[in-house]
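Asks: Going line by line, the protein sequences match chains Y and B.
This note's numbering applies: residue -5 is where the first sequence begins, and numbers increase by one.
This note's numbering applies: residue -5 is where the second sequence begins, and numbers increase by one.
Worth double-checking, as some hints may not be accurate.
[Claimed, not checked] With beta-carbon atoms standing in for the labels, derived distance ranges:
no., chain 1, residue 1, chain 2, residue 2, range
1, B, E87, Y, D400, 51 to 61 Å
2, Y, E294, B, T286, 16 to 26 Å
3, Y, G328, B, P393, 44 to 54 Å
4, Y, K166, B, E87, 20 to 30 Å
For the record, the hints were derived by calculation from the structure and aren't laboratory data.
Backbone N, C-alpha and C define an ideal beta-carbon position, used for all residues, glycine too.
Protein chains: 2
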Amino acid sequence: MTHLNSRPVTRLRTIERVDSVRIAESALASNGVVGLPEFRRWFEGRKRRESFHVQRIAFDEMRLWSTAPGSGNLVHDSGKFFSVEGLAVSVSEGPVKQWTQPVLNQPEVGILGILVKEFDGVLHCLMQAKAEPGNTFVVQLSPTVQATRSNYTGVHRGKPVPYLDYFRDTAKHRVLADVLQSEQGSWFYRKRNRNMVVETTEDVEVLDGFCWVTIGQLHSLLAEHDLVNMDARTVLSCLPFSSAGIASIFTFGVDDFQTSVIRSFSEDFGSLHGSGDVLSWITGSKTENAVTTTLIPLREAESWHRTSDAIGHESGLFFEIIAVDVRAGNREVGGWTQPMIAPSGTGLIAFLVKRVAGVLHVLVNARVEPGYLDVIELAPTVQCDPENYRHHLADARPPFLDDVQDAPASAVRFDTILSEEGGRFFQAQNRYVVVEVDADDHVTVPSDYRWLTVHQLTALIRHSHYVNVQARSLVACLHSLSCGRPGSVG
Amino acid sequence: MTHLNSRPVTRLRTIERVDSVRIAESALASNGVVGLPEFRRWFEGRKRRESFHVQRIAFDEMRLWSTAPGSGNLVHDSGKFFSVEGLAVSVSEGPVKQWTQPVLNQPEVGILGILVKEFDGVLHCLMQAKAEPGNTFVVQLSPTVQATRSNYTGVHRGKPVPYLDYFRDTAKHRVLADVLQSEQGSWFYRKRNRNMVVETTEDVEVLDGFCWVTIGQLHSLLAEHDLVNMDARTVLSCLPFSSAGIASIFTFGVDDFQTSVIRSFSEDFGSLHGSGDVLSWITGSKTENAVTTTLIPLREAESWHRTSDAIGHESGLFFEIIAVDVRAGNREVGGWTQPMIAPSGTGLIAFLVKRVAGVLHVLVNARVEPGYLDVIELAPTVQCDPENYRHHLADARPPFLDDVQDAPASAVRFDTILSEEGGRFFQAQNRYVVVEVDADDHVTVPSDYRWLTVHQLTALIRHSHYVNVQARSLVACLHSLSCGRPGSVG
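Okay, chain Y solo, but in the shape it has when bound (with noise of 0.2 Å):
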């Protein structure tokens, strides 16, 4: 050793290993610092207590939002938060190649954080029932902090957002996650928001509203009827879960499909394309498909029509923007206007697996979506509104679409109504769904979707530009059928 540097190693950190562990055994658990029918209870008085009024009202009507003279797009008097905008795409694949629409753009960088700490020697996520506008049921479990740059600069005259000083300043914590990831890219233009999971190991007062929950918890929550908002699941979906960590408490799941699911978190089990492979094709597909977008005066996005009180397209079809008035009690102000997504029906998003020699394979595609930065993200194997093609549509409709609408319950791993962001869209609810396959089909399939293991996903996770909203939230839902016991949740 006489080559050696006298300096002792041991002041160099070496790859953490341990961390999967311990978001393993907080998968878990599905007892915390509370059990779930405490939580129930809690979650239930919280929604008694956070009654929103959301109205729909003209455009004219709002406060602090107009109308720009030349451009018609819809502005905030700050010239912050977001604003409602017209994009022209063109692209260089599939049936329609050219398009004007609106969209939300919000060049800001958000926060969606989640503060965790050990009780017990169990990780618990604090959580909290956040009431926005858009939501169906008004409240739903929301990750510590969910604010944009407006919000804690105090463009928005509110009240300071708690516990954001966690995500801002984390030198004297411990970083989980933290990443950039984009939203939905069909409605907005390039936003994207900061994905942190944080751990403190300092005493933390649970504010009104706020509540300790362990994984496990939140897996089986993700199950319910909307009630796990987007921006909870897209933070969830960036936990580095392994079956490193799995594994060491159960080598199998309850049956074949869980420990394909176990196994599918490793890359020890092997996957039909090594990693290589698929950097190459998502590499490709960026080249492949050229995107232009430009951002254009909202009044010039053809085939959308404005009246007082909606701007639609003239097929129906799609979304509409319209506007609200909220009259909240609990929240950063009394009460506001803001315009919104309304999107014309209720979406299918969904995941084909399979078990590929003992090991859960996802079918993912290269998506086109014009909001993203870089030209494609991994999407779910399906993800439309299946309405727009009964009828409109039908020539265009989607590639494996059949399989999901058509698949026999037994086949139905996971199948969930989840909203999207309740804070700019209006009811945005989409039915999340897992549906297996027999391992000999669909071997083949178009340049444009592939197979993948979950960890190929997850290891993909930990940087942007690669998996959209949607299937971070499918990623989540996956998660959660790694650990759940039959019987053992509360």
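Mind docking chain B on chain Y? Use the hints.
Replies: What follows is chain B alone, placed relative to chain Y:
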């Protein structure tokens, strides 16, 4: 094992560790199918054959290029290739918050590809002796393929690009690296190229102007004045280079320094910061720096003045846009004219490195350049034109510049003049330097700097938007420091 699916696990691919060993073996091979003396004779012969006559001309003497009437942009008649436009920049940090400048806009993604193949069990790279008008010595060693989309789709109306099919249809071959990487963010607007290394087992005809060399031979050529071109360097930096490979052959280098380099290629020896913390630091840098860029008419670039044959900054600093007439014998087309960027001086591009607990660490800078797609990329410790700071910008002297300029000769581990891409930049030479400092130096660094291991940089280079082209060049130079054996190179 009753829970296991009955299909054999062996159908799946598992992680390829063997590539790094094969790359290391090639990096240690100072002799290949040709020896270096023979290579030099061949290369000198190419230099004699490839004569370019490059002459500066007035903008209005260009053929097929013109000044767009309204904007003053320099554009090609085909609408393809690239254009010279204006860019308005506003940044939230730094001494200068707003400026305008000329920029090259080249939205097409090109391919930079090195074809590799085993001869006698050793990987060889098919390199090309390629002339570019901006090169000081005309001919440089280049990747197998270096092609814009216009090149290979025929806008150029030149000869087909040899070997291109290996990179456009990789199904029959093995992809060792494939990633979109940015180029100079101060000169290009969001340009990126697809960096590829593809291995074939087919017979390959060696065309005139091409030569097979080992990675070890490339590394010794990297240290030579202006010989290996920028495109070759960036592709080399994308190789999955790791000490898992080198350590399987040599556990230690020839001295403590080389040992520290070898260790730095592996995560097993640890690092000052965990990889999660590094990602969090990068995410924080992308969040804290708000950068807005808008393409504007070149005519509106303030403080930039146009004469008949140059567009330059009123201070004389930075760079000029010029026009050149190129007459060539051996190129896709016989002769042409084009605009180029001519930098004002010789730049300095340097990594400070130090051994921490026997592992080499590299000081990187999270740097804003207006042409990056995603706010910041990791840059060398020092990246500037030192002349600028002697007089004009003395107050804004970059951190660590003194450490590089005042380094004792014994601390200089790499020091070579290399050029940036000679197809767009006219005699853009930079001094590439690696300077070692003591482990106790610069323990505390500004918040936009971090000490990383080479392994951490190499892992980031697998993805887009992380490491800038200058730092990637230096990473290729660091690779070359891991394998050199004194006296082993012909």
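Asks: Evaluate each hint against the coordinates.
Replies: Hint check results:
As the Cβ distance of E87(B) to D400(Y) is approximately 55 Å, the hint placing it in 51 to 61 Å holds. Between E294(Y) and T286(B) the Cβ separation comes to about 22 Å, which falls inside the hinted range of 16 to 26 Å. For the pair G328(Y) and P393(B), the beta carbons lie near 48 Å from each other, so the given range of 44 to 54 Å is met. Judged by the Cβ atoms, the range 20 to 30 Å given for K166(Y) and E87(B) holds: they are separated by roughly 24 Å.
Checked against the numbered hints above, the structure violates none of them.
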